[in-house]
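Student: These protein sequences, in sequence, are chains A and B. Position 18 of the first sequence, counted from 1, bears residue number 18 in the working numbering, the numbering being contiguous throughout. Position 91 of the second sequence, counted from 1, bears residue number 91 in the working numbering, the numbering being contiguous throughout.
Relax, there's no trap hidden among the hints.
Computed footprint of chain B on chain A; a stretch qualifies when at least three of its residues, placed anywhere within it, have a C-beta under 8 Å from a C-beta of chain B:
{"#": "1", "region": "43 to 57"}
{"#": "2", "region": "107 to 115"}
With the Cβ distance kept under 8 Å, some of the chain A side facing chain B (calculated, not the full set):
{"#": "3", "residue": "Gly40"}
{"#": "4", "residue": "Phe90"}
{"#": "5", "residue": "Glu103"}
Source of the hints: derived by calculation from the structure; they are not laboratory data. Just so you know, even glycine gets a beta-carbon here, dropped at the ideal spot from N, CA and C.
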Amino acid sequence: DAGITQSPRHKVTETGTPVTLRCHQTENHRYMYWYRQDPGHGLRLIHYSYGVKDTDKGEVSDGYSVSRSKTEDFLLTLESATSSQTSVYFCAISESGGWVLHEQFFGPGTRLTVL
Amino acid sequence: KNQVEQSPQSLIILEGKNCTLQCNYTVSPFSNLRWYKQDTGRGPVSLTIMTFSENTKSNGRYTATLDADTKQSSLHITASQLSDSASYICVVSSISTDSWGKLQFGAGTQVVVTP
Chain A
1 DAGITQSPRH KVTETGTPVT LRCHQTENHR YMYWYRQDPG HGLRLIHYSY
51 GVKDTDKGEV SDGYSVSRSK TEDFLLTLES ATSSQTSVYF CAISESGGWV
101 LHEQFFGPGT RLTVL
Chain B
1 KNQVEQSPQS LIILEGKNCT LQCNYTVSPF SNLRWYKQDT GRGPVSLTIM
51 TFSENTKSNG RYTATLDADT KQSSLHITAS QLSDSASYIC VVSSISTDSW
101 GKLQFGAGTQ VVVTP
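Could you build all of it, start to finish, from the sequences and the hints given here?
Tutor: Take a look at the structure:
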C-alpha cells in the first residue's frame, strides 16, 4: 500500500461521539486525500490537503474536519458521529493534483461503524 | 447524477476466459482516465492511466481502451485468473481552474472468477 498506513483499521462507535482517523505516509507526497466508499457509490472526496496546514473541502465535507500539521500525517475528525457516517474511509496520496498525470496511491482503509 | 457510469455492475466468468468492462463518462473538460483494481478489504490500485491522445494502454493481461470522442472506455481482461476477482473502478479526471482537478469515480464492476 505504497507507504500509507491508516489507523485504526476498524472502529465501532456510538452516535454523538467524536472520532478521529489517522493517515500516515512515508512517501513525502504533497497531496493527501480522505475519501469515503459506500455500496453503490463511487469513492467520494471528503477533504484534501495540498500542503502542511493547507486543506480544502471535497464534495461530501459536511460533518467532517481535517488537519495536517506535518507532511506525513493527515487527520480526519468526525466531531459528532452519525449513523450516516458509517462507511469505509480511504486515505490517498499523490505527488501532484488530480488532473496532472500523477497516480493516487490509496491506503488500506478504515471501516467505521456508528451505532 | 454520477458522471461516470460503469457496466455491468457485476459479472462472473470462468477461469481462463476473457471479459470486457465498460465505462461511459460525461466529465468535461477531460484530462485523463484511470482504471483501478480493488481487492476485497484493500485500497484501490492503479492499473492504467490514459490521456485523451491515447487509444489503448496495456498492463500485463489488462488492456484499456479510450474513445474520447464518444467518451467511452473499456477494460479487457485476457485469460482471467482467480486473482482477478476484484472490483474494477473507472476514474475520470477533469482539467480544473483550481490547483486541484476533481476525480470522478465510477461505482465499479465486481468481477468474480470461478474455477
